[in-house]
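> Heads up: the protein sequence lines correspond to chains A and B, in order. Whatever position you read off the first sequence (first residue = 1), add 6 for the working numbering. Every letter in the second sequence is one number past the one before it in the working numbering, and letter 73, counting from 1, is 67.
Accuracy of the hints is not assured; some may be wrong.
Claimed, not checked - Below, in silico cross-link-like pairs of lysine to any residue (SDA-like), each with a Cα-Cα straight-line distance of 20 Å or less: (1) A:K243 x A:N222; (2) B:K25 x A:N222; (3) A:K50 x B:F64; (4) A:K27 x B:F64; (5) A:K82 x A:K445; (6) A:K50 x B:R28; (7) A:K452 x B:F3; (8) A:K71 x A:D351; (9) A:K27 x B:R28; (10) A:K50 x B:F3; (11) A:K429 x B:C12; (12) A:K50 x B:I55; (13) A:K205 x A:K220; (14) A:K50 x B:F65.
It should be emphasised that the hints constitute simulated quantities derived from the structure, not laboratory data.
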Amino acid sequence: METEEDRPRRELRVTRRTLIKAAGAASAVLGLSGLGLCGYQAGKDPDSYTGCEGLQGAAQSFDRKRFAVDEPHYEKVGPTRRADGRTEVIFSRVDVARSAAQMGKRIEDLDEPFRGYYEQHPEDFELDKQNSELRRKVAEDSPENRNRYILAEAWADAMGAVSPRPIGNEPPEISDFPGQMSRSPFKMKSPAATAKLIKKVSYEFGTVLIGITKLNHDWVYKYPSSRRGFAMNEPIKVPKHWEYAIVVGTPMSWDPMYANPNYGTSNDAYSKSRIVAFRLVSFIKRLGYAARPHTPGNSYDLMVPPIMVDAGLGEQGRHSIVITPELGCNFRPAVVTTNLPMSTDKPIAFGVQDFCKNCKICAEQCPSGAISKADKEVIRGYKRYRLHSSKCFNFWNSNHGSTGCRVCIAACPYTRKSNWVHKTALQVTANDPTGISDKLLAGMQKRFYPGPKPSDFYAATLGGKNASYREPPWWLKTEDFIEL
Amino acid sequence: MGFFESSFFWFIEGLFACLAIIALRTWTQDKGIRMPFWKWPVVIVWVLFLAISIAYIGTSIGEGEMDAAFFGAIFAAVIASISGVVVWRLLRMR
């Protein structure tokens, strides 16, 4: 039987237990709210701009060794053929078609090699001829629409304003080597140590990604896309000193890239990668070895994506751009060919081929329909997805802002911020052998992260809505800064 | 480094988690609910799901991905409600 003395003690006990329960409930609410706010910060933080988390190699953080493979993912099928840089590179041929359109020329009126190329690809001739007309129609858009991109265009120009000097027109046997004042090559202690040194200095020069591979001659153009010491109509004889390829890559600024078309610009990363490559060339030449930069835009003697694959930086996606574990496809690469002996990196396989087979978001979002939804085809002896470059380039001339498009880069599920959500998704797809997560995550991507209708990306005078993949950042909104 | 990336934040979160677990134990005792070892992981998994869902919604809002936040919230609410009922019934089991 409870006495009068016991009552206060019982009430005290009840009060203490109630207090514990109340404190626990409040802690649960506060703890969960804290996680929500922590998540908000993770999503908003500029430190989550992928590739910009830190230099010194900190951003190249994916554990590639776990996913290293002996053979790259592209499959060699039958005899291979090197690409013709004069015709198969859109920038090399498009001016010929433009002038043909102005002068009323037909395919048979063109000189070789363009006549041969367009005879085999008559659709490309029709598409390539349209570019001047498309640009004229875009220019007819209303001043309100055109003026929205004033800051973006200024920013794009500024990003391309600083550029190393071109390498001139001496043949590689001269231009790639150190001048006569230089000493003979230093004897390096070991290829492994040299590779480590080159990677470290490249990070110091400003690269975010770097890989090293032996150069596969199949990736060198059969004929050059621009001079640089080669005769345009003579096949490139791959110089003996192009033994190794060092590939570097830097990301495009996050917010503008996500607002393509066309608040972003490739000049941004082009410029950074070009500077890294030229610094690297200078460094290697001072050690007495040959080195040659192959840099954006259009100062290449070779195709970069397969070299990136060989160097273990990523896998080539459906959109033909290499997908890296860290940056997705939001990067621009440059290559340095050299005879400096280095140990090389292995290709990696982290699930991109299976993911791209099912995903197709880039093809669905592509305004021009240039990205194939079909299976891989045999192109120049290798199996890969086809990219219709003439369709792609037509869209470059069908929108406002800086040159280009980059919707496929923004829409690719691998091009996401460096935060816990997307890093977890990457690890899940990379480690799931069943393919279930690929389908699940691609489905979530389409539902949770939708983009505008592809036709909306076109300028209003071409039937579009001047849409961008996401809103431009505040500092590229012209109307907030300039009296129009 | 902001507060939410600091070690101090995670220390506070740990403190909250401890208090919540002690409170849960007290509450189940008062309700007469038996808590054998296997019930604790069930509750912890459910709370973790809730925590990750809330963090995902926060992250999506921070990224400016309102569609992701909205669909994520609906998805999480449905799953958390259904699984919450199941967890509650498991807790009430003798």
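> All hints are to be evaluated individually against the structure, with a verdict given for each.
Results of checking the hints against the structure:
Under the criterion of a C-alpha separation no larger than 20 Å, the hint pairing K243 (chain A) with N222 (chain A) is consistent with the structure, at around 13 Å. For the suggested pair K25 (chain B) and N222 (chain A), the alpha carbons sit about 72 Å apart, so the restraint of at most 20 Å is broken. Restraint check for K50 (chain A) and F64 (chain B): the C-alpha separation of about 17 Å stays at or below 20 Å, so the hint holds. For the suggested pair K27 (chain A) and F64 (chain B), the alpha carbons sit about 32 Å apart, so the restraint of at most 20 Å is broken.
Taken as a hint, the K82 (chain A) and K445 (chain A) pair is broken in the structure, with Cα atoms around 27 Å apart against an allowance of 20 Å. Of the supplied pair hints, the one linking K50 (chain A) and R28 (chain B) is violated, its CA atoms being roughly 43 Å apart against a limit of 20 Å. Proposed proximity of K452 (chain A) and F3 (chain B) is contradicted: the alpha carbons are some 34 Å apart, above 20 Å. A C-alpha spacing of about 9 Å is found between K71 (chain A) and D351 (chain A), which places the hinted pair at or below 20 Å, so the restraint holds.
Taking the CA atoms of K27 (chain A) and R28 (chain B), the gap is near 17 Å; set against the 20 Å cutoff, the hint holds. Annotation: proposed proximity of K50 (chain A) to F3 (chain B) holds, straight-line Cα distance about 17 Å (limit 20 Å). Taking the CA atoms of K429 (chain A) and C12 (chain B), the gap is near 28 Å; set against the 20 Å cutoff, the hint is violated. Only pairs whose Cα atoms come within 20 Å are accepted, and K50 (chain A) paired with I55 (chain B) is accepted, the gap being roughly 8 Å.
For the given pair, K205 (chain A) sits about 15 Å from K220 (chain A) by alpha-carbon distance, which is consistent with the 20 Å threshold. At most 20 Å may separate the alpha-carbon atoms for a hinted pair to count; K50 (chain A) and F65 (chain B) meet this at roughly 19 Å.
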